[in-house]
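A.B. asks: Residue strings, one per chain:
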Amino acid sequence: MIVKLLSGDQPRSKVLTTLLLLILICLAGAPFIFDGVRPLDTAARICIFIVLVASYDLLLGYGGIVSFAHTMFFGLGAYGVALASTHMGRGFDALLVGTISGAIAAVVLALLIGLFSLRVRAIFFAMITLAVASAVAVLVSQFSGITGGEDGLTYKIPRVLTSANRMGEFLGTRISGKILNYYLVFTASLILFLLLLRIVNSPFGRVLQAIRENDFRAEAIGYRVVWYRTVATCLSAATAAVAGSLFAIWLRYVGPDTTLSFEIMLDILLMVVIGGMGTMYGAVIGATLFVLAQTYLQNFMGSASEATAALPLIPDLLDPDRWLMWLGILFILSVYFFPTGIVGRLRQGRSS
Amino acid sequence: MTAAPDHKPTFAQISLIEQLDKALPILLVPILVVLGFLAIGAPSSWLTLTVSGLAMGMMIFIMASGLTLVFGLMDVINFGHGAFVSVGAFVGISVLIALGEWTGTASLLLNISAVFLAVVAAMAVTGVMGWGFERVIVKPVYGAHLKQILVTVGGLIVVEQLIHVVWGPDEIFISRPETLKGAITFAGAAVEKYRLLAVGVGLVLFLAMRMVLRRTKIGLIVRAGVENGPMVEALGYRLRMVFIGVFVAGSALAGLGGVMWGLYQEVITAGMGEKMMVLVFIVAIIGGLGSVEGAFIGALLVGLMQNYVAFLEPKLALVSNIALMTAILMWRPQGMLPVVKAK
Amino acid sequence: MSDPILSLNAVHTDIAQYHILQGVDLAVPRGQVTMLLGRNGVGKTTTLKTIMGQWTAKSGEILFDGQDITRMPVSARARAGIGFVPEDMGIFHDLTVEENMMLGCASGPLDPNRKAWLLGAFPALGTFWHSEAGNLSGGQKQMLSIARAMAEDRELYLIDEPTKGLAPAIVSTMAQALRELKAQGASILLVEQNFSVAKALGDTAAVMDDGRVIWSGAMAELAENNDLQERLMGLSMEAH
Chain A
1 MIVKLLSGDQ PRSKVLTTLL LLILICLAGA PFIFDGVRPL DTAARICIFI VLVASYDLLL
61 GYGGIVSFAH TMFFGLGAYG VALASTHMGR GFDALLVGTI SGAIAAVVLA LLIGLFSLRV
121 RAIFFAMITL AVASAVAVLV SQFSGITGGE DGLTYKIPRV LTSANRMGEF LGTRISGKIL
181 NYYLVFTASL ILFLLLLRIV NSPFGRVLQA IRENDFRAEA IGYRVVWYRT VATCLSAATA
241 AVAGSLFAIW LRYVGPDTTL SFEIMLDILL MVVIGGMGTM YGAVIGATLF VLAQTYLQNF
301 MGSASEATAA LPLIPDLLDP DRWLMWLGIL FILSVYFFPT GIVGRLRQGR SS
Chain B
353 MTAAPDHKPT FAQISLIEQL DKALPILLVP ILVVLGFLAI GAPSSWLTLT VSGLAMGMMI
413 FIMASGLTLV FGLMDVINFG HGAFVSVGAF VGISVLIALG EWTGTASLLL NISAVFLAVV
473 AAMAVTGVMG WGFERVIVKP VYGAHLKQIL VTVGGLIVVE QLIHVVWGPD EIFISRPETL
533 KGAITFAGAA VEKYRLLAVG VGLVLFLAMR MVLRRTKIGL IVRAGVENGP MVEALGYRLR
593 MVFIGVFVAG SALAGLGGVM WGLYQEVITA GMGEKMMVLV FIVAIIGGLG SVEGAFIGAL
653 LVGLMQNYVA FLEPKLALVS NIALMTAILM WRPQGMLPVV KAK
Chain C
696 MSDPILSLNA VHTDIAQYHI LQGVDLAVPR GQVTMLLGRN GVGKTTTLKT IMGQWTAKSG
756 EILFDGQDIT RMPVSARARA GIGFVPEDMG IFHDLTVEEN MMLGCASGPL DPNRKAWLLG
816 AFPALGTFWH SEAGNLSGGQ KQMLSIARAM AEDRELYLID EPTKGLAPAI VSTMAQALRE
876 LKAQGASILL VEQNFSVAKA LGDTAAVMDD GRVIWSGAMA ELAENNDLQE RLMGLSMEAH
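Residue numbers (the numbering used here), protein chains in the order written: chain A, 1 to 352; chain B, 353 to 695; chain C, 696 to 935.
Mixed in with the good hints, there may be bad ones.
[Stated by the list, open to error] Pairwise CB distance ranges, derived in the manner of DEER restraints: (1) L115/A with K491/B: 45 to 55 Å; (2) W483/B with G29/A: 29 to 39 Å; (3) K491/B with M88/A: 48 to 58 Å; (4) P339/A with A705/C: 27 to 37 Å; (5) L313/A with W483/B: 20 to 30 Å; (6) A560/B with L111/A: 41 to 51 Å; (7) L559/B with I329/A: 38 to 48 Å; (8) K491/B with Q10/A: 33 to 43 Å; (9) R119/A with D373/B: 17 to 27 Å; (10) L5/A with M593/B: 53 to 63 Å; (11) K491/B with Q879/C: 33 to 43 Å; (12) G540/B with E219/A: 22 to 32 Å; (13) G540/B with M88/A: 31 to 41 Å.
[As the list claims (entries may be wrong)] Residues of chain B placed beyond 12 Å of chain C at every Cβ, according to the derived structure: (14) I378; (15) A450; (16) I573.
[Said to hold, decoys possible] Some chain B residues judged to face chain C by a derived CB distance under 7 Å, without partners named: (17) R567; (18) G571; (19) L572; (20) E579; (21) N580; (22) P582; (23) M583; (24) E585; (25) A586; (26) L587; (27) G588; (28) Y589.
Think of the hints as simulated: they come from the structure by calculation, not from any bench. Just so it is clear, CB atoms sit at the ideal spot from N, CA and C, and this is done for glycine as well.
Could you put together the complete structure from these sequences and hints?
C.D. replies: Okay, here's the thing in structure tokens:
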């Protein structure tokens with residue numbers, strides 16, 4: 001049963017299995033295990049980023065394609081929900097319409113970009129997605145009449161999903177709509193992740209990996225390389241858009257900084273590389289570690305910076321605003337020395 | 353000795369068609385200028401916009417030339433190229449600020465000397481930085497595009513953050529040296545002096561680059577290397593050395609572009625290089641990766657397009673360049689002047 | 696006879712996961728034309744590329760003029776005196792004929808006497824001296840590729856199938872030029888499918904099969920012995 005759910009793709013390492021189970025249990029029981037608003041918010045972010053990063057892994061790790069437009073697709077889903085909720089009023093129909101139209105928009109755009117750039121050279125794709133994504137980000141901030149510009153949009157979601165909806169107590173925790181909302185996010189993320197796992201373990205996924213290994217040979221054997229890559233791009237974009245919709249439902253706010261910025265794109269890259277490209281489980285590990293670190297490590301840097309205030313340069317380097325620099329260094333080092341990421345390492349350890 | 357059967361007739365024909373084929377992209381620039389005139393209507397605004405479009409194009413070209421050659425020579429795509437633009441701008445502008453007395457007086461000689469020193473400093477720093485970047489970031493990942501993209505993006509982030517560490521988190525505002533401020537009026541149109549200077553510098557650089565590529569042995573090696581690197585090696589040239597040279601020169605040019613762009617915008621930020629990369633990529637792609645001439649034409653098109661559209665419909669300026677790229681790729685999937693790759 | 700200009704001892708070369716050269720032993724005598732023969736896909740081109748360094752030998756050693764060049768970079772081998780005419784000719788299409796020739800001289804400008812000699816051997820190159828090489832016909836490109844390798848005095852030339860797909864008239868021009876080159880004292884290792892050319896030019900021959908040299912000896916011996924040809928190459932070359 002479990003093997004079937006995982007599409008036969010088992011973690012293949014005891015430590016990894018334990019880690020994954022631990023993460024699953026913590027996320028599944030988050031409202032009951034942890035206290036307060038912040039842990040719940042962190043747990044929801046982890047769920048959403050697992051899906052976002054896993055969908056990126058489909059492209060990067062399995063397809064061997066680098067895209068810089070993943071946040072754009074994520075943003076399309078988020079803005080879909082936001083715009084639908086703004087114009088149709090609060091309601092589940094608005095959430096559904098927003099999610100679906102966001103996903104459709106993402107697929108159409110992905111199809112166009114894919115057909116244009118993948119036809120020529122895979123490397124064009126990286127450059128063109130970068131250009132298109134930044135153009136979209138600029139458009140979103142300029143057409144503030146529709147999108148709210150830099151300020152973003154705040155909107156209402158169905159009351160059932162907000163903390164205003166009190167439903168009594170369970171296991172000593174007050175059950176509110178917020179917790180319901182969390183479980184919506186959690187369940188949807190779990191389903192999406194299992195779906196992605198199914199895709200990469202399907203014949204389609206295997207062809208995709210064959211193309212990544214040697215596209216000339218795959219083409220020679222008779223696979224239409226461009227078609228496979230484009231479909232992977234579309235699937236990945238659609239999943240990212242749905243993740244964006246979940247994010248919008250959870251936050252009840254969208255803005256360029258939270259959904260479209262280049263910084264989030266870098267976060268995604270980091271999570272997938274550190275977790276382990278082409279493993280899917282790497283997305284789980286990478287996203288969990290990263291979101292936790294982002295939430296808690298920056299505080300630590302702040303205190304370290306203060307503690308070293310007397311020294312030259314060091315406090316500047318340890319400033320929480322320099323968080324990104326350390327990530328960058330970590331990123332370069334992991335691409336060099338750790339190309340299979342944490343999951344790859346754990347699996348290696350087992351087999352040797 | 354019998355000569356080969358002659359192929360002269362077909363030879364001449366192919367040559368003619370190919371000549372036309374090559375001339376077409378160059379004609380796009382005047383076509384765009386004329387279209388701009390028709391769309392804008394007012395000759396004075398059109399002239400102002402054309403000059404600023406050309407100025408912007410020249411600056412983008414300066415930044416893009418190194419990137420495109422580096423790709424052509426070694427199949428290395430450097431997503432961190434924008435870092436050199438930012439660093440160049442910060443170094444150059446720091447020098448200009450330090451030489452405040454020279455830039456503050458209305459003496460052309462002192463002003464130009466200050467700018468010259470700023471440019472030299474910026475190019476020296478970014479050149480050395482390019483050398484280090486090539487050794488540390490790029491060299492270990494030759495031949496692996498995926499890793500190259502990831503690692504150079506990582507390098508870009510780190511360098512940008514280091515700029516924050518050294519120069520602080522805020523943007524720096526500067527004003528141009530006295531004699532480069534203001535505009536001259538020509539046929540009722542106000543043309544900023546600095547933009548004319550930028551056009552001049554860009555043009556001179558392009559011609560110089562063309563001369564080096566066409567008339568010198570090293571230029572020959574570079575052009576041949578872009579087309580077929582392994583053969584150049586088999587003839588006895590150390591392509592890797594040539595490549596490092598081009599990488600360093602390209603980085604220094606990006607630094608120069610950074611100083612010029614900083615003076616153009618009169619404000620610099622650590623993220624400016626990253627923002628410019630979008631335009632630089634568009635230019636490199638539509639020009640044909642590896643082609644300096646293509647990048648030049650592409651840069652002029654992008655600069656003009658951006659300025660015309662910004663005047664007509666400000667919100668669509670960046671999108672218009674995406675549209676330009678789409679149109680050109682539909683016409684020529686490999687860019688306007690594709691580099692013949694022997695594979 | 697003096698020691699050979701080039702010798703390969705038990706050279707193995709892998710291309711990706713394929714084991715192409717499986718222990719090649721080969722000697723190229725000084726001042727002679729050595730033919731490297733064999734069916735398609737037995738590793739002739741890979742042997743030339745391994746000598747040039749475009750593929751790195753996994754094991755074994757390559758000695759050129761007494762010097763071990765097995766691990767030398769490609770460009771250093773060229774400077775040591777090996778000229779290379781690859782199967783795809785390696786013409787720089789965007790460059791003119793003149794510029795292609797200039798690149799043939801790694802250590803300085805093209806010597807005028809040598810230029811005159813080369814243009815005498817290949818008159819077509821003179822006609823198109825200032826044209827882009829991409830516009831040349833197939834035969835002219837082949838001539839350019841050979842002339843470029845000869846632009847500088849080198850001790851050994853590796854030439855991969857120079858007559859492939861060429862008209863007979865051009866083949867004889869080519870053969871004449873190679874003969875003149877040999878007359879100047881150069882050694883040549885030539886991959887050739889055209890047996891009449893091989894017979895006319897070759898002094899010695901080495902036949903490859905399955906990534907190894909399975910026979911070597913005098914070209915004349917091979918040319919006269921149909922049975923031997925049949926046994927070594929699976930077909931009589933005379934049929935061509």
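A.B. asks: None of the hints should be skipped; say for each whether it holds.
C.D. replies: How the hints compare with the structure:
Our hint of 45 to 55 Å for L115/A and K491/B is violated, since their Cβ atoms are close to 35 Å apart. Under the hint 29 to 39 Å, the C-beta atoms of W483/B and G29/A, about 54 Å apart, miss the expected range. Judged by the Cβ atoms, the range 48 to 58 Å given for K491/B and M88/A holds: they are separated by roughly 55 Å. Between P339/A and A705/C the C-beta distance comes to about 34 Å, which sits within the given range of 27 to 37 Å.
As the Cβ distance of L313/A to W483/B is approximately 24 Å, the hint placing it in 20 to 30 Å holds. A beta carbon spacing of about 44 Å between A560/B and L111/A agrees with the range 41 to 51 Å that was offered as a hint. Range check, L559/B to I329/A: about 41 Å between beta-carbon atoms, so the 38 to 48 Å window is met. Between K491/B and Q10/A the beta carbon distance is about 38 Å. The supplied range of 33 to 43 Å therefore holds.
Range check, R119/A to D373/B: about 21 Å between beta-carbon atoms, so the 17 to 27 Å window is met. The supplied range of 53 to 63 Å is met by L5/A and M593/B, whose beta-carbon atoms lie about 56 Å from each other. Our hint of 33 to 43 Å for K491/B and Q879/C holds, since their Cβ atoms are close to 41 Å apart. Range check, G540/B to E219/A: about 59 Å between beta-carbon atoms, so the 22 to 32 Å window is missed.
Hint check: G540/B to M88/A, Cβ distance near 53 Å, so the stated range 31 to 41 Å is violated. Listed as outside the interface, I378/B is consistent with that label: its C-beta sits roughly 16 Å from the nearest C-beta of chain C, beyond the 12 Å cut-off. Distance check on A450/B: its Cβ is at least 44 Å (rounded) from any Cβ of chain C, clearing the 12 Å threshold; non-interface status holds. For I573/B, the non-interface assignment is contradicted: its Cβ lies about 7 Å from the closest Cβ of chain C, within the 12 Å cut-off.
For R567/B, the interface hint is violated, since its Cβ never comes within 7 Å of a Cβ in chain C; the closest pair sits about 10 Å apart. Violation of the interface hint for G571/B is found here, the shortest Cβ-Cβ separation to chain C being roughly 10 Å, above the 7 Å cut-off. At its closest, the beta carbon of L572/B sits 5 Å from a beta carbon of chain C; the interface hint therefore holds under the 7 Å criterion. The closest approach between the C-beta of E579/B and any C-beta of chain C is roughly 5 Å, which is under the 7 Å cut-off, so the hint is satisfied.
The closest approach between the C-beta of N580/B and any C-beta of chain C is roughly 6 Å, which is under the 7 Å cut-off, so the hint is satisfied. At its closest, the beta carbon of P582/B sits 6 Å from a beta carbon of chain C; the interface hint therefore holds under the 7 Å criterion. This hint holds: M583/B has a C-beta 4 Å from the nearest C-beta of chain C, less than the 7 Å allowed. Because the beta carbon of E585/B sits about 4 Å from the nearest beta carbon in chain C, less than 7 Å, this interface hint is met.
The criterion of a C-beta within 7 Å of any C-beta in chain C is met by A586/B, whose closest approach is roughly 5 Å, and the hint holds. About 6 Å separates the beta-carbon of L587/B from the nearest beta-carbon of chain C, less than 7 Å, and the hint is met. Hint status for G588/B relative to chain C: holds, with the closest Cβ pair at about 3 Å, below 7 Å. With its C-beta approaching chain C no nearer than about 6 Å, Y589/B sits inside the 7 Å limit, and its interface hint holds.
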